[in-house]
Each structure stands twice: as C-alpha cells, then as structure tokens.
Amino acid sequence: MSLNSEALPKSQEVTAAPEASNQPWEPKIVGFACNWCTYAGADLAGLSRLQYPPSIRLIRVPCSGRTNPQFIIRAFQRGADGVLVAGCHPGDCHYSTGNYFTRRRFLLMQRLLEYMGIDPARFQARWISGSEGPKFQQVVTQMTEDIKALGPNRKMRDVE
Amino acid sequence: MRRVGVFVCHCGTNINGVVDCEKVAKTAAGFPNVAFATDYKYMCTEPGQDLIKNAIKEHNLDRVVVASCSPRMHEPTFRACIESGGLNPYLFEMANLREQCSWVHANNKELATVKAIDLVRKAVAKVVKNEPLQKSRISITKRALVIGGGVAGIQAALDIADAGNPVTIVEKEPSIGGRMAQIDKTFPTIDCSACILGPKMVDAAKHPNIEIISYAQVEHVDGYVGNFEVTIRKKARSVDLKKCTGCGTCQEKCPTKVDSEFDMKLGKRKAIYTPFPQAVPNKPVIDRVNCTKFKTGKCGICQKVCPVDAVDYEQQDELIIEKYGAIVVATGYQQFDHSAYGEYGYGKYPDVITGLHLERLINASGPTMGKIKRPSDHKIPETVAFIQCVGSRDEAKGHAYCSRTCCMYTAKHATLVSEKIPGSKSYVFYMDVRTPGKGYEEFYKRTTDEYGAQYIRGRVSKIYEKGDKLVVRGEDSLIGRPVEVEVDMVVLAVAMEPQSDAGELARILGISVDKDKWFTEAHPKLKPVETHTAGIFLAGAAQGPKDIPDSVAQAGAAASKAIGLLSKVEMETDAMVSSVDESRCSGCLICKGICPYKAIDAKMIQERVGGKMVERQVASVNKSLCQGCGACTVACRAGCLNLLGFTNEQILAEVEAVCL
Amino acid sequence: MITEKMRTAAKDLLEKGEVTTVIGWEKGTFWYNSTPVFISKPEEVDRLVFDEFCANNLAKYLMDYRNAEGKTAVFVKGCDARGVNRLVQDYQVNRDKVFLIGIPCSGMKEAPKTAEKQDSSKLPLLKKCQECATPNPVVYDLLLGDPVSERQVPDRFSGVEAIEGKTADEKYAYWQSMHSQCIRCYACRNACPACNCRECCFDANGLNWLGKQNNVQENQMFAMTRAMHVAGRCIECGECERVCPMGLPIMEINRKILKDINELFGPQDAGMSLEDKPALGQFKLDDPEKFM
Numbered sequence: 001m002s003l004n005s006e007a008l009p010k011s012q013e014v015t016a017a018p019e020a021s022n023q024p025w026e027p028k029i030v031g032f033a034c035n036w037c038t039y040a041g042a043d044l045a046g047l048s049r050l051q052y053p054p055s056i057r058l059i060r061v062p063c064s065g066r067t068n069p070q071f072i073i074r075a076f077q078r079g080a081d082g083v084l085v086a087g088c089h090p091g092d093c094h095y096s097t098g099n100y101f102t103r104r105r106f107l108l109m110q111r112l113l114e115y116m117g118i119d120p121a122r123f124q125a126r127w128i129s130g131s132e133g134p135k136f137q138q139v140v141t142q143m144t145e146d147i148k149a150l151g152p153n154r155k156m157r158d159v160e
Numbered sequence: 001m002r003r004v005g006v007f008v009c010h011c012g013t014n015i016n017g018v019v020d021c022e023k024v025a026k027t028a029a030g031f032p033n034v035a036f037a038t039d040y041k042y043m044c045t046e047p048g049q050d051l052i053k054n055a056i057k058e059h060n061l062d063r064v065v066v067a068s069c070s071p072r073m074h075e076p077t078f079r080a081c082i083e084s085g086g087l088n089p090y091l092f093e094m095a096n097l098r099e100q101c102s103w104v105h106a107n108n109k110e111l112a113t114v115k116a117i118d119l120v121r122k123a124v125a126k127v128v129k130n131e132p133l134q135k136s137r138i139s140i141t142k143r144a145l146v147i148g149g150g151v152a153g154i155q156a157a158l159d160i161a162d163a164g165n166p167v168t169i170v171e172k173e174p175s176i177g178g179r180m181a182q183i184d185k186t187f188p189t190i191d192c193s194a195c196i197l198g199p200k201m202v203d204a205a206k207h208p209n210i211e212i213i214s215y216a217q218v219e220h221v222d223g224y225v226g227n228f229e230v231t232i233r234k235k236a237r238s239v240d241l242k243k244c245t246g247c248g249t250c251q252e253k254c255p256t257k258v259d260s261e262f263d264m265k266l267g268k269r270k271a272i273y274t275p276f277p278q279a280v281p282n283k284p285v286i287d288r289v290n291c292t293k294f295k296t297g298k299c300g301i302c303q304k305v306c307p308v309d310a311v312d313y314e315q316q317d318e319l320i321i322e323k324y325g326a327i328v329v330a331t332g333y334q335q336f337d338h339s340a341y342g343e344y345g346y347g348k349y350p351d352v353i354t355g356l357h358l359e360r361l362i363n364a365s366g367p368t369m370g371k372i373k374r375p376s377d378h379k380i381p382e383t384v385a386f387i388q389c390v391g392s393r394d395e396a397k398g399h400a401y402c403s404r405t406c407c408m409y410t411a412k413h414a415t416l417v418s419e420k421i422p423g424s425k426s427y428v429f430y431m432d433v434r435t436p437g438k439g440y441e442e443f444y445k446r447t448t449d450e451y452g453a454q455y456i457r458g459r460v461s462k463i464y465e466k467g468d469k470l471v472v473r474g475e476d477s478l479i480g481r482p483v484e485v486e487v488d489m490v491v492l493a494v495a496m497e498p499q500s501d502a503g504e505l506a507r508i509l510g511i512s513v514d515k516d517k518w519f520t521e522a523h524p525k526l527k528p529v530e531t532h533t534a535g536i537f538l539a540g541a542a543q544g545p546k547d548i549p550d551s552v553a554q555a556g557a558a559a560s561k562a563i564g565l566l567s568k569v570e571m572e573t574d575a576m577v578s579s580v581d582e583s584r585c586s587g588c589l590i591c592k593g594i595c596p597y598k599a600i601d602a603k604m605i606q607e608r609v610g611g612k613m614v615e616r617q618v619a620s621v622n623k624s625l626c627q628g629c630g631a632c633t634v635a636c637r638a639g640c641l642n643l644l645g646f647t648n649e650q651i652l653a654e655v656e657a658v659c660l
Numbered sequence: 001m002i003t004e005k006m007r008t009a010a011k012d013l014l015e016k017g018e019v020t021t022v023i024g025w026e027k028g029t030f031w032y033n034s035t036p037v038f039i040s041k042p043e044e045v046d047r048l049v050f051d052e053f054c055a056n057n058l059a060k061y062l063m064d065y066r067n068a069e070g071k072t073a074v075f076v077k078g079c080d081a082r083g084v085n086r087l088v089q090d091y092q093v094n095r096d097k098v099f100l101i102g103i104p105c106s107g108m109k110e111a112p113k114t115a116e117k118q119d120s121s122k123l124p125l126l127k128k129c130q131e132c133a134t135p136n137p138v139v140y141d142l143l144l145g146d147p148v149s150e151r152q153v154p155d156r157f158s159g160v161e162a163i164e165g166k167t168a169d170e171k172y173a174y175w176q177s178m179h180s181q182c183i184r185c186y187a188c189r190n191a192c193p194a195c196n197c198r199e200c201c202f203d204a205n206g207l208n209w210l211g212k213q214n215n216v217q218e219n220q221m222f223a224m225t226r227a228m229h230v231a232g233r234c235i236e237c238g239e240c241e242r243v244c245p246m247g248l249p250i251m252e253i254n255r256k257i258l259k260d261i262n263e264l265f266g267p268q269d270a271g272m273s274l275e276d277k278p279a280l281g282q283f284k285l286d287d288p289e290k291f292m
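Protein chains in written order, with this note's numbering: chain X, 1 to 160; chain F, 1 to 660; chain Z, 1 to 292.
Honestly, the hints are just simulated from the structure, not real lab data.
Backbone N, C-alpha and C define an ideal beta-carbon position, used for all residues, glycine too.
Hints may contain errors.
[Claimed, not checked] Computed beta-carbon distance windows for the label pairs:
hint, chain 1, residue 1, chain 2, residue 2, range
1, X, S48, F, E219, 49 to 59 Å
2, Z, T20, F, K295, 50 to 60 Å
3, Z, G266, F, P528, 29 to 39 Å
4, Z, L285, F, E219, 57 to 67 Å
5, Z, M63, F, D222, 26 to 36 Å
6, X, Q23, F, K26, 17 to 27 Å
[Unchecked claim] Restricting the straight-line Cα-Cα distance to at most 27 Å, the calculated cross-link-like pairs of lysine-lysine (BS3-like) are:
hint, chain 1, residue 1, chain 2, residue 2
7, X, K155, Z, K171
8, F, K515, Z, K259
9, F, K568, F, K623
10, X, K155, Z, K259
11, F, K603, Z, K71
12, Z, K171, Z, K290
13, F, K623, X, K135
14, F, K243, F, K253
15, F, K265, F, K469
16, F, K172, F, K253
17, Z, K290, X, K155
Kindly produce the complete structure, drawing on both the sequences and the hints.
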C-alpha cells in the first residue's frame, strides 16, 4: 500500500493527458462548504478572479452542522490528503444554531484524529463568510502548502 | 442503472478558455450511469435549455447534470427547465466549473481540466442517488395576532385589517397607546403626540376587522406558521366590558389614590382607573393590589355608584384559545433602570428625573397640568441640565449600544423647556449628537441657535445638592476643563431597553433574543422584520431602539409580510426536509434539542411486540417547519434521520467520487 | 451480609407483586464467576448473591423488559446506577417502571489465573474498579448496606496522556494494531448503556456507507464512530473494556474524549442526575474555537 510521491492519484492516471505527468504532486483536499456562507465565499473568490491551487474539491452542504464526523473518516480512508470543514461565523448561521454544534463536534474530532496519529494540519475547520473571498483563497492556499510539506496521506487509507 | 445526461457549458470563454469542455464531456460519457454527454456554448439560454429538454426525450434520461456556473446562480433555472422537460426538478445536480474552477485556476489549464472532470464525476455520483421530492402544502388560518398595542402594533394591525384580514391586538396594559401615549410632543415637528396617535387608536377601535383585547397577555403558543394556536390570558378587570359605558363615575368617587404608572409616579390615579383620559378602550380596571375592597373587604363604593352595575368583584382571569396564521410582535421598550449610576443621585434627589418623567410634566393632562415643576417643591426650574447616554454606549454599567432616540428627544426637551419657561437656561452634557433622520439636524441646530440650549461635550461625574439646587459636575472636553453648573432640575436621557418579560415571550413564541434581549431578526440587513420562526414578524422598538417614524415604517413592513402570508390559501414548504425512519428510531429525542426550528417532536406509534400491541416513542419531523439544515441528521447516532436532497448516501457518494 | 439483604428484598417485592422480575447476580459455572440472573418467582431468590465477582452492569438488561407487565427490579452498583440514568435520559427505560435496589460497591476482582479455589482477597481489583469515582449508587429506591467511602482515584487521564505523549507515527501504529485485532464481535457495544439504539447503524442494511467488513479500516471506522456517538454520554463504567475478548484499550478512546470535553467545555459527568444534558447536545455562545 505504498505510494511514492511521484505517482499520480488514481483519477489523474485514468483521465489525464500524457503531459500531465510533468505536474508536481497536487494534494487532494475534500472540503465541506456550507451553502450560505462558505460556498458563497468561494463563489466570490471566483468572481474576484482570486487564484488558488486546484487541490480542493468542495462538497456543498446546507449547513456546516450537516457534516458528520463519519464523512471525515471516510474521506481519509478513500484517499483524501486533507479535509476542510467550513461554515458561517458563530452567530451568523443561516439556520441560527447549526454551527455552534459544528464547533463543539469538530473540536473533539480534530483532537481525536490527532490522537489516532493523523497530523492536525490535515484536518482543518474554518469560519468563512459569504463576503470573505480572500479568506477562502488564503485558507486553501495555506492548507495546500501545509499538506504538500507533509506529503501524500498514507494513514487510514483503504485504497491503493 | 440510471440514465444520466451530462451537459457541459462553455459559458462563452469563461469556462472553455481554461477548461477543455469537450474533453470533460467526452470523459463524462464514459462514467458509469451516464447515458448521454455533450458540451455547448451557453446552457442557460433558451437553445441551451431546449438542448436539455430534447435530450431528455431522445435519450430517455432520468437524471440531469449541468456542469457550468455556481448552483447558487442557476440551479432554479435548470430545475424549472427539466421540470418542463418532464422530470421531477430535484433529479438534478450542478458542477461548478466556473466560480470554483476556471476562474480560480486560470494559470493551470491541465489541472483545472482534471478538477473539472472530478467535479462532474462527483455531480454524477450524487445525482444517481437523488430521489424525486415533492414540496408539501399547509393550509393557512386567515387571521393575524398583534402582540402589543403601541404605535407599531396599532399601525401593523390597521394595515393588516385594511387588507381584509381579521386582526386581534393583545395589549398587557388596560389601554392601547404604549409609550407614544405618554409622550407630549414629537420631534422634529413638535406636533402633539396624542393628536396624531389618538385618531389611529380610534381607527383601530372602530375598525370592523380589528379586535382589541386589553389587560391581557399571551400565555402559550402552539402550532406553526399558518396554524398558530395561542392561549391568551384575559386578566380580571373587575369590570364587565359589555355593560360599562365609560362614564367615569366610579373613578370620581373612588377614595383610594395610588401612584400612577402612566405618570411615572409623579401623579396619582384611583384604584379603579383608566390610565389616561384618551384610553382605548375607555373602560376602567381595578388594581386589586391596592383596592381597599380587595385588601380589607370594606368599601365597594364604585359598585354602588355604577349606574349600569358593571363592577364585578368576582370576575376571574379568563383563558381563551384562538387560532392565527401570522403573529406580529410589537411589544416595545422600557426605560433603563439607572440605579447603577448612583453618582447621579437616583432615589436620593427627586429632581433628578428621566425623559419620560419630563414628558409627563410637560403634558397638559399630566400631573402638573402641563406646568414644568420640580417634583421636590413644585417650584418652576430656571435652569435644567440634560445628561445624554445614561446607560447607553456604556459597557461598564449599562448597554454597549446607542439608544438612537435620546439625542433628538433631549433637543426636543431643551426646546420645550425654553418655550415653556421663558428666560430659562438648558445645559446638555453630550458625547456625540446623532441626528440621522429627515429634518433632525435642522431641528438640533435650531435648539442651539434659536432656543439657546448650551451643549457641553463631556460626561458628568457627579450630581450633588447645594441648598435647594443641584450641582452637576462634568467635563467640557472641547476645552479640556472640568465644568460645574448649578441647576434646578436634571433630566437623564436613559437608555431604551427591551421589556423585562421579552425573554419569556421569546421562549413562549419560539423566537430568539440577542445578547441585549432585543428580539432577533432573521437577517440583520435583508430580513429586518422576519424572525427565524416562520410566520412570526417583528415591528417597532421590540426589535431594537428606534423612533416613531421608523417604528411605523417597520410596522408597515411586518404587516406586508403578514398580508403576503395570509393572502395564500395554502403555503408551499421546502422539499428538502429531514425525514425519520420510524422503524429504526429509538425515540431518544436528542434530535429534538438540536433543531433550531422546533420542527421535531415526539410521536407515539403502535407496534406488535411479542404478540401484543405496545406503544413506542419515535421522533417526528414537521415538514412545514423543517428548514433543511441537517443538524439533526448528525445528532442521530443510528442514522435514522436523513436530509432529503443531501442524504448521507449522496454526500458519501460525492466524497468517494472525489477521492477515488 | 448484602446477599441476605438482597434475597429478603427480592422476596418481599415478588411476593407483594410489586415487581414481576428481579435482575441480579448468581454464582456461575466457576467460583470466580457471578453472572446475571432473572428471577420471577419468590422461591428462586436464594439464587441471588453479591460478591466480589459481580462485575456485570445490569442496567442494560432493563431494555429487554421495557414491554413487560408490571415493574422490574434491578440491583445497581455505583456504575450501574449511572447506567440506569443514561437509559432513562435517552427515553429507553421508563423510570416509573423500574425499582432500583442500590448496593454501594468497593470494587470487583479480576478472575484468577488458575481455576482452583483461592483466597479472593489476594486478587487484584478489575481495572475499571481501580479507576472508579462513583462507588455509591447516585439513584435508587432502596439502598442495601452503608455507603462506602470514595476512593482516591489515580489520575483519571494518565493512560490518555501516555498515548498523547507518543509521536504521530507511534500513535498511528498503536491504534492500527488495536484495530487489526478487533474481531467486530460488538461485545463493547452490547454491554454499553450508552449504546442503546434500536438498531445500531453498523447493523443496518440500508446504510451502505458503513461496512461490516472485518478489516483494519472498517474496524477503525467502528471504533472512532462509537467513540464519537458515545461522546459526552459515557458514564465511565468500563464495561466495554472489560468484556472485550481481545483486551483492546477501548476506555482510552472514551477517556480521551472525556478529557477533551472537560478541558474545552467545562467539567461534566454523564449519568449523575436526570437533569444534565450531554455535551454535544448543547453549546455555549463562548465555546472555545482555538483552531478555527
């Protein structure tokens, strides 16, 4: 189950053009973005043409409180190098209290993952509001850099 | 196996300039479950949409993915498109190839294309698990309830009633009118408050669609938008409203005098009383706490003199239960208790009063018949000091916020004092003067220029007695010196704060209050009159400090929302709601505490266990109330709750598609 | 002697018809086993015993008697009583249909290494009893015996801290070795009073995103999921660790979460009273958000 850092993640091997093998390794970050704030913030980053590394794949959820810790475990098991959970700032949740529960749950989850031996830089939770396009850009860029330094995630994977 | 159609949009060159759309479409055609894939220049245009509709027919598609811009942009457009193409609108997903791909990865076309392919694969994986969803419909009771009979409540009731809906105003005092009835003159026009409020009060009383229940409070609210069941406690007035003619004889003959709350305890009322002469309804109430008959059993004069035998000492509180479709909360404000500012002599110096006290002194039907007299010795004050921001903008002893109205009403008070007491001098100690409304700045200028009020920028540190005068010691920060003025009376502009029972009312209604206990609006900018609880609206100072024009405006806004709600026979609710798998639910109800909308409740179901019928508790989601946040689905350990449209299976399919 | 009192109390309740079933312990196959017993006739009360091998948490069995006619009596030690509170709070057991007979407990002993009878006072306490902070039942309808003094508990989180002190790779190796030994017997789940769902998400057929496969990754999913589901609700009875046939350090995960909850959200203990709310079912406006 070893993965040397020059080999590409599976999807790229199947679909990338031959030239793609010259690309340096790009981490695969799965992001859970709340529809009302973070997803809107990401859209705003797009509207403002702010550039960031193509490492992140956002999954839209109605509220960050919808994100089940089991999704995080599954993401790592299926080969994610990093996971981001992002939602509205506490007090601004479109559904009034969802992100207060998110906050508690993911504080525990992050510590539990760290306890299991996963580097805390691989799992991040952030508050990104709908007007914070630059913050979204900065979070993704920083996370990509941090995870690039750590290399591909070999822990918890159940796939090649 | 599903038959998914994938439509990749070029969006001109917005997407195609970076992402190789043709390649994405070709690759998508090879994904499992995809029956048809193509690319096109502009998917959202009419020919683009026709392309989708035709493809649905030609290729017998049962799910559609459009890879284009953000779903926040065009999801409703494409949902409507496939609905007219014959599919349930929820059998649809979008891949965001523009805002979250081509526009942000313009420097790396190859990886942008790789990402685009991932995003399309993700959307296909999700849509394969989409199920057709239906919006549900609920009926609406065409009646509105307005809680609070101040100017905001009255205005909201009038607007809703004029639109043809029956309205009930529930007011906890014996009369409607609220704070505006206590005020003498209103800024910036200095017109008489009772003269402009009075006609509105009468309109409300006479309106065929408005029912006023005064001396009553809302005790309990059940139900949900369109179908509220409200328990109202009609407190015992001890007067039969059907018989009473409002002649006033009982009040005249009553021997017991009590401090009048309406007059801020500067004057007296009787134990059987109407709070002010223009009260609506103009029928009295017995204050059972202070009435001699109720305290000792003796007296009973009011009953003897009543010509129509309307006084009823045996009357009890009455609880009624009524149904309403919409509720407007207009409970107003109360004044901040400035006892925290001991240095201003609260309780010690009777001549240190608040703005509302001064209103009653100035008012012609007030305790001093409109003559401004010092509460201590009834002499007319020659000099008056006004202190702004008592309890406002003060995190240490009061509230952090600005109460918005005080700068204007202090200027108004200084103007009126100057008019009514020729030769008098007013000093106003201020931090800033805030005059944001129409004509407000001009009014303030006149106060200083024409009416001679002296504005001193600085806080007051102490007030003490010197003989029969009060010395106000403060600072003039603009010259950087301490200042002391000797005055006859001090008026404090105390903060506005929510009513003391606002928190309790919020709990009864299921709405929230913010850290300062003002009722919380659904969105601070875009939804200032709605709450997070569907069907309950806010009007007036109950939502935050504001003056009369803003209260009336907000009341109209709340009324328009209520009218919109009540104009429908049925209401459509969101299709993407939570649903419980009752066969697996253990009834632990942890979901109930998590739901911000109180949409989950316990339900008893019957099942056969060991040959006999037993009852079991399960959770049940009210589809009309559920807003689709999904917090409950995470709280449910057994996974019995799923959010339709964002099910666990759909999200995990997306995770797998993205990672693998 | 507690055993005598048990038998008297049970006989009394059954004869008067106040309860239809009494759940307690009886001697098992070996002298060092005391296993659960379910008595419905007064004549059977002599089977009841209370000795230093009555380790089983009887609270969970109440779930089997939810639909029984009449009330059920159950003997509860300190840990068991918190288990009952947990079940009542989760609406799985009706407090009015249960009669609790509390027994203050000074700890249960480990089974000896060899089968021949020996002096049980020389046997060590079970690990879960060494760490017990609630030897006296917090809820009961009848108390047998005098309350025992609270023991000086060794540092509750020392095991957790020992693991926290390892490097990330060492931690990973430690837990991978645990997960690879798990045989997915679900004994931990079945014994746990906080695991009281009607159908466990891992047993459900429809939830095809949770696997029943017995490989390292699925075992890890099970272990972490169970820990997160029990988070804030765990009563620290230690049954999960005691019943695990593979001897896995399950309490070290539960304790890690307990340590974090205490640090982040304030000290709280589950199952002490019926009014407390689980940590993940509530929030404070000023909860910490250090890494967010």
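To see whether the hints hold, each was checked on the structure:
In this structure, S48(X) and E219(F) meet the distance hint of 49 to 59 Å, their C-beta atoms being roughly 52 Å apart. Here the CB-CB span from T20(Z) to K295(F) is close to 58 Å, well matched to the stated 50 to 60 Å. For the hinted restraint 29 to 39 Å between G266(Z) and P528(F), the CB-CB distance of approximately 36 Å keeps it satisfied. At roughly 28 Å, the beta-carbon separation of L285(Z) and E219(F) lies outside the given 57 to 67 Å, and the hint is violated.
One distance hint, 26 to 36 Å for the beta-carbon pair M63(Z) and D222(F), holds here, with the actual separation near 33 Å. For the pair Q23(X) and K26(F), the beta carbons lie near 21 Å from each other, so the given range of 17 to 27 Å is met. Distance restraint check for K155(X) and K171(Z): the Cα-Cα separation of roughly 11 Å lies within the 27 Å cut-off, and the hinted pair is therefore satisfied. Of the supplied pair hints, the one linking K515(F) and K259(Z) is violated, its CA atoms being roughly 30 Å apart against a limit of 27 Å.
Taking the CA atoms of K568(F) and K623(F), the gap is about 18 Å. The hint holds against a cut of 27 Å. Between the alpha carbons of K155(X) and K259(Z) the distance comes to roughly 25 Å, so the proposed pair stays at or under 27 Å and holds. As the CA atoms of K603(F) and K71(Z) are separated by approximately 24 Å, the hinted pair is consistent with the 27 Å bound. For the proposed pair K171(Z) and K290(Z), the alpha carbon gap of about 23 Å is at most 27 Å, so the pair holds.
Proximity of K623(F) to K135(X) is assessed by CA-CA distance (about 36 Å); at most 27 Å being required, the pair is judged violated. Between K243(F) and K253(F) the CA atoms are separated by roughly 19 Å; this keeps the pair inside 27 Å, and the hint holds. At most 27 Å may separate the alpha-carbon atoms for a hinted pair to count; K265(F) and K469(F) meet this at roughly 22 Å. A C-alpha spacing of about 26 Å is found between K172(F) and K253(F), which places the hinted pair at or below 27 Å, so the restraint holds.
Only pairs whose Cα atoms come within 27 Å are accepted, and K290(Z) paired with K155(X) is accepted, the gap being roughly 25 Å.
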